[in-house]
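2 protein chains.
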Amino acid sequence: MAYRIERLNKISEVKGIDAFLITSPISVRFLCGYFYNFEIGPSPFHFLPAALFVVPSQIAGLVIADNETDQLAALDVRIAVNRYSSYVYDKPLDYLSRFLVKIHELIKQSGIGTARIGIESDSLPFSLAESLTFKFPEIKLVNISRDLEHLRLIKDSDELDLIRAATHLCDIGQEAVLKYAKPGMTELELFTLVRGDMDTATGKRVPMMADMVCGSRTAEGGGNPSGKKIISGDLILSDLTPCLNGYWGDSCNTVVVEEPTSGQRKTFSEVKKALDIAINAIRPGVKAMEIDRLMRSHIGNFPHHGGHGVGIMYHEEPRIVPYNDMELASNMVIALEPAIYKKDYGIRLEHMVVVTEYGCEILTKFQHCLK
Amino acid sequence: MAYRIERLNKISEVKGIDAFLITSPISVRFLCGYFYNFEIGPSPFHFLPAALFVVPSQIAGLVIADNETDQLAALDVRIAVNRYSSYVYDKPLDYLSRFLVKIHELIKQSGIGTARIGIESDSLPFSLAESLTFKFPEIKLVNISRDLEHLRLIKDSDELDLIRAATHLCDIGQEAVLKYAKPGMTELELFTLVRGDMDTATGKRVPMMADMVCGSRTAEGGGNPSGKKIISGDLILSDLTPCLNGYWGDSCNTVVVEEPTSGQRKTFSEVKKALDIAINAIRPGVKAMEIDRLMRSHIGNFPHHGGHGVGIMYHEEPRIVPYNDMELASNMVIALEPAIYKKDYGIRLEHMVVVTEYGCEILTKFQHCLK
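So the protein sequences, as listed, match chains A and B.
When we follow the working numbering, the leftmost residue of the first sequence carries the number 302, and every step to the right adds one.
When we follow the working numbering, the leftmost residue of the second sequence carries the number 302, and every step to the right adds one.
Calculated from the structure, these hints are not laboratory results.
Treat the hints with caution; some may be incorrect.
Since the list can't tell identical chains apart, any single copy or any two copies may satisfy a pair.
[Claimed, not checked] Computed cross-link-like contacts, EDC-like style, restricted to lysine to aspartate or glutamate with a CA-CA straight-line distance of at most 20 Å:
1. Lys-392 <-> Glu-617
2. Lys-505 <-> Glu-340
3. Lys-529 <-> Asp-371
4. Lys-480 <-> Glu-490
5. Lys-483 <-> Glu-560
6. Lys-666 <-> Asp-498
7. Lys-392 <-> Glu-628
8. Lys-588 <-> Asp-391
9. Lys-644 <-> Glu-571
10. Lys-483 <-> Asp-498
11. Lys-441 <-> Glu-431
12. Lys-392 <-> Glu-591
13. Lys-588 <-> Glu-617
14. Lys-392 <-> Glu-450
15. Lys-392 <-> Asp-626
16. Lys-392 <-> Glu-618
Between the sequences and the hints, there should be enough to build the whole structure, so can you do that?
The structure is reproduced here in structure tokens:
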């Protein structure tokens with residue numbers, strides 16, 4: 302994974318950056334492998350779960366709360382680690398100063414007193430920026446957020462492995478929907494069973510975003526599972542988006558409990574056809590907007606994106622949307638999700654693909670089927 | 302809830318603050334009621350889910366992403382709302398500038414060009430700070446994080462209602478552990494059933510932190526539920542900490558599957574006695590450290606806090622720890638969690654209480670019992 306940190310060298314050359322202070326959880330995950338599980342909210346024992354300091358070709362050090370270090374081996378983080386004391390009970394919590402001391406030490410050791418430091422403006426806390434400029438008055442902070450986003454567009458093979466593992470969880474979840482959905486249960490009860498299968502397959506809790514709605518709620522395209530009861534003939538729309546070790550999978554199926562109507566069958570086929578058209582059109586060089594256009598020209602407009610990139614964010618570039626003239630390239634990972642929403646029901650079908658040399662490979666292996 | 306925003310007036314007077322820009326999700330929840338559900342991670346469509354701008358006795362406005370506004374009615378947010386366009390698919394995402402425009406407008410309308418603005422240094426993004434000082438060069442940013450924390454110490458009656466609802470979920474969860482725990486199931490399978498009951502009782506997904514460990518893992522005091530199988534005679538330690546509408550409940554029980562040993566019975570009684578001693582000692586005026594000392598003097602030392610405040614954070618002041626000479630006061634909410642960890646097993650028992658005029662009321666209603 303060290304090769305990803307080395308990619309900062311290019312930003313360093315182009316923008317004249319002497320060092321980088323990386324503070325967004327996304328970029329930290331991308332560059333060195335550490336992932337903070339956001340699922341239980343911000344910790345009362347951290348300022349930031351981790352920050353990464355890099356002087357190209359010299360120093361790369363992760364500053365991390367000592368109660369977060371259990372994760373490092375599991376996530377195969379192989380970078381120099383600077384722990385600071387976070388949770389204590391025999392003295393007052395003082396994690397902010399302890400964190401800052403570690404950051405200051407790294408900067409001092411690097412000897413870059415008058416440097417231009419690449420930072421992420423949107424995620425750098427003001428207190429950290431203040432402390433840097435107070436302690437090292439000669440440094441200049443330069444926003445490099447967009448450059449980092451650009452680095453994440455094309456996935457590496459280890460990233461593809463992580464994404465494959467996440468999409469495999471989607472398959473397990475979609476299979477569980479078909480297995481468990483019965484009239485009389487609530488959306489929430491179904492969700493509990495589906496998530497249970499996904500967690501069990503992983504051996505741990507998996508953070509997950511999910512639309513799981515039945516009946517008339519499918520017309521709105523989604524929503525959190527609620528206490529609404531599934532009744533015979535209902536459609537169930539399940540958009541399952543798990544985050545496994547920091548990388549997301551994404552998938553959507555719409556199934557019917559018991560017998561579909563002929564109208565539902567017809568709508569389903571149209572959406573399926575739009576998805577197939579998009580998948581067949583994907584190849585390096587084609588524009589994102591062209592894929593989007595193909596779907597809409599088959600099924601008409603729908604009030605959301607036709608798809609999006611997936612990685613450490615569940616919605617990133619390339620956005621498959623009407624304005625986006627970005628050209629697709631090998632090893633981009635994309636979710637495609639055409640939909641038809643009618644007055645009383647909606648059907649959305651989603652697959653994830655990775656762009657290959659001549660086309661794409663479908664990563665989500667489950668079959669879309671109405672029942 | 303408007304009365305909580307008015308409490309900023311006092312900080313304003315004491316520190317000479319002309320306006321406040323509140324950016325931490327905790328303080329936004331506290332002051333105006335809006336809660337961002339952190340459970341699915343940071344949104345790709347926000348800069349911040351919400352920020353609150355207040356000029357004491359004049360303006361109080363929430364700046365919020367338009368895809369977050371569904372929550373406002375459910376959470377009874379009654380403040381002026383300034384929506385900005387966040388998710389769009391027909392043009393590029395540009396939520397940062399749209400957010401900043403709203404903030405700038407509010408500041409301009411208030412006419413406070415040379416103001417001292419109270420901010421939260423640790424949660425204010427550098428890009429927002431830069432934009433403020435660029436647009437309004439005369440303003441001065443003053444960190445008021447500690448003052449805000451202090452405001453949260455004593456709970457209001459609406460906060461107590463929210464906390465009671467969260468502790469009721471703890472009761473449901475602890476009852477579910479007793480109902481479902483069986484030899485042969487994994488920690489994770491038990492967790493799925495327990496969380497399912499808690500979600501069903503609420504009618505929606507509830508973010509939750511949970512230790513759920515069995516057998517030898519109880520000796521370490523906790524951990525996430527895993528694929529480890531529960532076997533006959535195992536202890537199961539369940540620390541269930543749900544977050545309902547932004548307020549946390551906290552609870553721990555340790556139960557045995559089938560028959561406890563006499564050693565387990567004895568250890569359980571000792572921990573239970575330590576908890577009872579602490580609960581009986583709680584009253585306004587007693588120091589936090591004294592409650593902590595009482596527990597440790599009964600069962601010996603254990604490697605974590607004796608307890609902590611609970612509210613919009615699951616661990617806040619008053620920390621029940623050896624150094625803390627803070628005096629308890631009416632309407633503080635406290636979790637107490639004495640424990641004994643032996644070589645091969647551990648037992649921790651936790652109740653949540655609210656300090657009353659002459660003592661305390663126990664908020665978690667479940668009974669601690671070994672089986």
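Original post:
From the Cα coordinates, with 20 Å as the cut-off, is the pair Lys-588 and Glu-617 best called within, between, both, or neither?
Top reply: within (16 Å within a copy, 51 Å between copies)
**OP:** Up to 20 Å between alpha-carbons, please classify Lys-392 paired with Glu-617: within, between, both or neither.
**Re:** Answer is between: at 14 Å across copies they meet the 20 Å cutoff, but 43 Å inside does not.
Original post:
What label fits Lys-392 with Glu-450 when the C-alpha limit is 20 Å: within, between, both, or neither?
Top reply: Only across copies: Lys-392 and Glu-450 sit 18 Å apart there, 40 Å inside one copy, limit 20 Å.
Subject >> Up to 20 Å CA-CA - Glu-431 versus Lys-441, copy category >> reply: Answer is both: 12 Å inside a copy and 13 Å across each meet the 20 Å cutoff.
Original post:
Given identical chains, is Lys-392 near Asp-626, meaning Cα to Cα at most 20 Å, within a copy, between copies, both, or neither?
Top reply: between (56 Å within a copy, 12 Å between copies)
**OP:** Please work out whether the CA atoms of Lys-392 and Glu-628 approach to 20 Å or closer within one copy, between two copies, in both situations, or in neither?
**Re:** This pair counts as between: shortest inter-copy Cα distance 17 Å, intra-copy 55 Å.
Original post:
Checking Lys-392 and Glu-618: alpha-carbon separation at most 20 Å within a copy, between copies, both or neither?
Top reply: between (46 Å within a copy, 13 Å between copies)
Original post:
When no copy is named, should Lys-644 and Glu-571 be tagged within, between, both, or neither for a Cα gap of at most 20 Å?
Top reply: within (17 Å within a copy, 63 Å between copies)
**OP:** Evaluate Lys-483 and Glu-560 at a C-alpha cut-off of 20 Å and name the case that applies: within, between, both or neither.
**Re:** within (12 Å within a copy, 38 Å between copies)
Original post:
What label fits Lys-505 with Glu-340 when the C-alpha limit is 20 Å: within, between, both, or neither?
Top reply: Close inside one copy (13 Å) and across copies (16 Å); limit 20 Å.
Original post:
Is it within a copy, between copies, both, or neither that the alpha carbon of Lys-483 lies no farther than 20 Å from that of Asp-498?
Top reply: both (16 Å within a copy, 18 Å between copies)
**OP:** Classify it for me, Lys-392 with Glu-591: is the Cα-Cα distance of at most 20 Å met within a copy, between copies, both or neither?
**Re:** The answer is between: 15 Å across copies meets 20 Å, while 60 Å in one copy does not.
Checked against the numbered hints above, the structure breaks none of them.
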